[in-house]
Amino acid sequence: MKAKVHITLKNGVLDPQGKAVEHALHGLGFPDVGGVRQGKYIEVDLPKQKDKTQAKADVEKMCKALLANTVIENFSVEVVD
Amino acid sequence: MKAKVHITLKNGVLDPQGKAVEHALHGLGFPDVGGVRQGKYIEVDLPKQKDKTQAKADVEKMCKALLANTVIENFSVEVVD
Amino acid sequence: MNHAPAKRITPEDIKTHGLSDDEYKKVLEVLGGREPNMVELGIFSVMWSEHCSYKSSKKWLKTLPTKASWVICGPGENAGVIDIGEGLAAIFKMESHNHPSFIEPYQGAATGVGGILRDVFTMGARPIANMNALRFGDPKHPKTKHLVAGVVSGIGGYGNCVGVPTVGGEVNFHPSYNGNILVNAMTVGLAQKDKIFYSAAAGAGNPVVYVGSKTGRDGIHGATMASTEFDANSEDKRPTVQVGDPFTEKLLIEACMELMATDAIQSIQDMGAAGLTSSSFEMASKGGMGVELNMNAVPQREEGMTPYEMMLSESQERMLIILKPGKEELARKIFEKWELDFAVIGHLTDTGRMVLKFHGETVCDLPIDPLAQASPEYDRPWLASTKQPVVAAKDVKNVPWRDALKTLMGCPDVASRRWVWEQYDHMVMMDTVQRPGGDAAVVRIHGSNRALAISTDCTPRYVKANPFEGGKQAVAETWRNITAVGARPLAITDNLNFGNPQKPEIMGQIVEAIQGIGDACVALDYPVISGNVSLYNETDGKPILPTPAIGGVGLLDNLDQMTTLAFKAEGEAILLLGQKDDAGWLGQSLYLREVCFEEKGAPPPVDLAHERKVGDYVRGLIHSGKITACHDLSDGGLMVALTEMALAGNLGCRLENIAAPLHAALFGEDQGRYIVTVKAADAVATLEATKAAGVPAKQIGAVGGSAIFLGGESVELEALRKLHEGWFPAYMATAT
Amino acid sequence: MRAAVIVFPGSNCDRDIAVALEQSIGKPTTMIWHQDTDIPSDLDLIVVPGGFSYGDYLRCGAMAAHSPVMREVKRRAEKGMRVLAVCNGFQIVTEAGLLPGVLMRNRGLKYVCKDVHLRVEDSQSAFTAKYKVGDVLRIPIGHAEGNYFADEATLKQLEDEGRVAFRYCTTKGEITDDANPNGSQRNIAGVLNKARTVLGMMPHPERLADKKLGGTDGRAMFEALVETLA
Ligand SMILES: Nc1ncnc2c1ncn2[C@@H]1O[C@H](COP(=O)(O)OP(=O)(O)O)[C@@H](O)[C@H]1O
Ligand SMILES: [Mg+2]
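Chains as they are written, first to last, in my numbering: chain Z, 142 to 222; chain X, 142 to 222; chain U, 355 to 1090; chain F, 386 to 615.
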C-alpha cells in the first residue's frame, strides 16, 4: 500500500518560494501566470499494511508528528494500492 | 484555470531527504514504513487562460524551462478549472 | 468626518486587546470622552503594550548609564551607535523573539534574526555580524530537541541566506525554560559616522513611503501576544506566527544601502513588532509631526484586508521611509531595480494627529502626542530578593577531579556548541578573524587591520540566586570575554528576559538586576546603548530563570595584538591572574549542579574594582605581546577553562601549585580571573610585574603532553574531547 | 587578466571572491548585475559566486541558471572563456548545463559551515595549475545542498577524462566516508568541463586566502588564474 501526501501552506501564510517562482516565470516569458504556491508531495510506502483505513490513519499521524508543520501547513492523505 | 504540478525524483536518483524522513519515521514509532520519496507539489494559477489544452502545454513548458530539473526529476501536470 | 464607531467597543474587545480597565479609561481621556473605533483601539493596544511602551520597566531602565564620550546615540532609537574611530560607527542591538519561537521554532527564530537586522540597517549600518543567545528547557523534556533543532535551523536559514555571518552566542538548558524558551538575537553593523539615519520625522508634506514586502495577515496581534503569559491554550494562538523571507531581506538591505548613499532620506524606520502602527506612530511622535496615510495605497498580499488588519499586521521585510521632497522617483527606481514593492502611502502633516483614510473615509484620527504622553508607566511593587547563604567548600562533596572534570566537559551547559555554529555561516563577508569557540568573536573592520570583538553572556542561575550580583556578573563576563582577546570593551546592549512583572518577586528581580547591570556599566565605563525587554515569560504561572542577556562590543585597534585561547607551545608557563584568595567559590557553581546535583547558595560576588584592575592589566599584557594565549574563567572554573585551552591547542598541561581543597580551587567560579600563557623564560618577570601592579598572580603549571596531569593523575585530551564534542551531536541525533 | 563577478539577487559571496581575486590580480574586478547582459568583451574569467541566488527557492541555482545573463555566460564559456563557479555558483552552472550532475540536499540535511580537507585530483587547468595532484588543502564549505550526484555513466566519464578536480579527504589525504561532509558521490567536491575551462566546486577557496583568516590554501587558485590568463 502507498500513501500520497500533499502538504500545502495554509491560506494567508506567506509563500516566499511561490512568490519567487512566479516572478521568475514572468521573466521567462510566461506573463500570464497569476500566482504560484509551492508545497510538498511525499510518497510513503507501507508494504506490510493491508488495511486502507488503518493506513490512512497512520499516515495522518505521521503528518502531524513530522511530515507537516501544522502551524503553517495543511496536509491531505490519499491511500492507493 | 489552475494547474497542479507534481515533481518527483526519477527512479535511481538518490533522495537524501526521503531517506532521512524514512529514518525519522522509524524512530517515531512507525517501523512499517518501507520507503519515503519526497517531491514537490506546485500550483500555478492561470487566471486569463480559458483553454485547457493550451494551459497544459504552457505549464509543461514551464516545467521544462524551470520548475523541474529533467536530469533528475519527472513532472506531471493536471489542469483544473 | 464620521467618528461614529461602526461597532461599539465591548469589555471583551478591551480585554482581547490586552488593555486594563484603567488603561481603557485613559483611552477615553485621550479621545476627550469619545469612544475609539476598532482601528483606534488596535492602535492603542499596540502602542500601550508592554512590548512597545515598556510600561513596567521604563522607570528602572532610565537609571542605566547610557553616556560616554564615544556614544553617538544611546537607547531610544532603533539601535545604539558608538564611535569607533577613523570616521566609523558601530551600531548594534539585541532583541528577543521568545514567544514566536516557542510556537513555531523555525519561523520564530528566523524572523527574530530578520527583525534585528532591520533595526540595525535602518540606521545606515551594513550588518557585519549576528549573535544569538538561546535558552532551552531540560534536555530531557520531550519538546526540547524539537525546539533546539527548529531554532538553530531558523537562525541559520535566515542569517545564512542574508549573507551576514553568525559569529557567536550562547546556549543554556534549564527546566525553567521548558514552556518558555528564549531566543535573543543581536546584530552589529558598521556605518560612516556622519551618515547615520534616524527615525524622527520632519517636514510637513514630505512623502511617507512604504518599501519591501506586501502586507498580509501575518502576526496580527503579535505584540500583544509577546506581552501576555502563556497558558494551556497558547497553541491556539498559532496563526499569528509570521513567515520570514530572507531573500527579500537581502534585497531590502541592498536597496536601502543604495538609497542611503543618495541624499533622499529624511528619516527611516523598520516595521517591527506592530508594523505599520508603531513605525508611523513613533516616527511622527519623535518628530512632533502628524501623519496622514491612505490605507488603499498599502501594498497588500491578500484580498479584502481591512485598515485594522493592515495597521496591526506584522508581515516581515518592510520599512517606512520619509523622503525629502521630490525624491520619490529616484527612490522608486532603486526599489524597482531590486524588485521590491514601493508605494507612497501618505504624507506628514503639522496637525500632530494620525489620520488614516480608507476608500476616502477617515477610519482613524488620533492625537499623537497625547497618546504617547498618556502611555502608561507603572511603578510596580517589588520585593527585594532573599539573600542565599554562602556555601562553604567543606560542605560540598569533594569528588575526584578527573570524574568531575569529565562530567562537566560533557554536561549540556559546557559541551561544545559546534553542532550549533556549524549550521551558521560564520565566515561569509570574509572578516571573521575569530570564529565561534573562543571567548569573544572577532570580526575585522573590512579593509582595515582593526576589528570588533563581540560577546553575549548571562548566567541565569546566578541572577536567580542574587539578581543584583547576577546582573553585575552578566555585564562583567562580556567585558572579560572581550578583554581576553585583547580588545577594549566599549558598550553593551541588553535583553532583559523575565517573568510576570505584576508579581512583586519578579519585579524585584527586574529592579535588582537592572541595578547590578547599571553598577557594572559605571564601574567598567561600559554604557548601555540599546536593549529590549521581554516580560511575562511564564507558563502556567511558572517563571523562567531571570535572564538579562548582555551583548558587549569592543574594539581591537590592531589585529596584530589579538590573542586566542588555544595553548600554543609545549613548555609555556600557565599563569592564573586575578585570584584574590584561595577560597574557591562553589555556591551556584556548575560543579554543585552537575556533579553534586544541587542548585543552591549565593552566587560568586563580582568585585567591580578588582574586575576592572585585573582586566585592564591583562589587556595591557596582551598588547605588550608577551602573552601567547588568554582565556577568562567562567562556568566550571579553572579546570574547565584549562581544558578548553588544551583542546583548542591540542596540547595538554601539567598542573601544580593548586590550592586546597582541590574541588573548590579547580571548579570554584570566582569572578575576575584569567589564565594566560607565556614563554617559560618570561614567567618569572611576568609574575613579578603583575604582582607589582597589584594584580594577584601565580604560576599553576606548564603546557605539554597530550593529557591534563595533576598530582600523579591524568586525563587524556582525546577522552575529554570526545565528551566535550560528543554531547550535542549525540543528543540531537535522535531529534525529529 | 580581466575578471568579472556576476551578481544575482541573493548572491552574497560576490564581494568576498572579488576581494580574493583583487589580492592576486592587483586591480579591481568588474561586478556584473544579472540584468546587464552586455558583458565586457575582453574578459578572461567570469566568476559565478556563492550565496542564495533567488533565495535558493525551488531548487538551488535553478532560477539564476535560467536568467538572461547566464545565457551569455554559457555562450562565452563555449568559446573558451574561463568560468569559476563556487558553491551556489556550482549549483547554478550545473542547472545551466555547463557542468554535469546536480547538487542535492546534504545527506545530513543540515547546512554545514566548516573547514574541510580536499585532495587535489587535477593540476592541468588554469584553476589548479599551482597545485600538485595529491596535495591536501584546507578550505571552508558553507552549504546545505552540496551533495554531488550524477548517474554512473557520467561519473565514469568524469573519472576517465580526469575531470574530478577535488575530492573531500582526511587531513592525510585519504578518501573516506567520514571525510565526506555532504554525501557527495565518490567524495567529489569539484569538477571540470571537458575543455577544463569551467570549474565548479562547493568549497570556498576565497575564504582561506588570507593569513589573518587562518589559512591561505585557497590563494594558489587565484594566483594560478592570474599566471595562466595574464
Ligand atoms: N548559539 C550559539 N551560536 C554561535 N556560537 C555559539 C552559540 N553558543 C555558544 N557559542 C560559542 O561557543 C563558545 C563558548 O560559549 P560560552 O561557553 O558561552 O563562552 P564563554 O563562557 O566564554 O562566554 C563561544 O565562542 C560562543 O560564541
Ligand atoms: Mg569566555
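Among the hints, a few may not be true.
[Claimed, not checked] Using C-beta positions, here's what the derived DEER-type ranges look like:
#1 Gly-153/Z <-> Gly-706/U: 58 to 64 Å
#2 Val-698/U <-> Asp-423/F: 51 to 57 Å
#3 Lys-499/F <-> Lys-1033/U: 39 to 45 Å
#4 Glu-537/F <-> Pro-754/U: 26 to 32 Å
#5 Ser-217/Z <-> Ala-1073/U: 38 to 44 Å
[Unchecked claim] Which residues of chain U face chain Z? A few of them, derived with a C-beta cut under 7 Å, are:
#6 Gly-570
#7 Val-597
#8 Glu-715
#9 Arg-1008
#10 Glu-1010
Derived from the structure by calculation, the hints contain no laboratory data. Yeah, the Cβ is synthetic: ideal placement off N, Cα and C, and Gly gets one too.
Now for the hints, and whether the structure bears them out:
no.: 1; hint: Gly-153/Z <-> Gly-706/U: 58 to 64 Å; result: violated, 35 Å
no.: 2; hint: Val-698/U <-> Asp-423/F: 51 to 57 Å; result: violated, 33 Å
no.: 3; hint: Lys-499/F <-> Lys-1033/U: 39 to 45 Å; result: violated, 32 Å
no.: 4; hint: Glu-537/F <-> Pro-754/U: 26 to 32 Å; result: violated, 57 Å
no.: 5; hint: Ser-217/Z <-> Ala-1073/U: 38 to 44 Å; result: violated, 51 Å
no.: 6; hint: Gly-570; result: holds, 6 Å
no.: 7; hint: Val-597; result: holds, 4 Å
no.: 8; hint: Glu-715; result: violated, 25 Å
no.: 9; hint: Arg-1008; result: violated, 51 Å
no.: 10; hint: Glu-1010; result: violated, 54 Å
Hints 1, 2, 3, 4, 5, 8, 9 and 10 from the earlier list are contradicted by this structure; the remaining hints agree with it.
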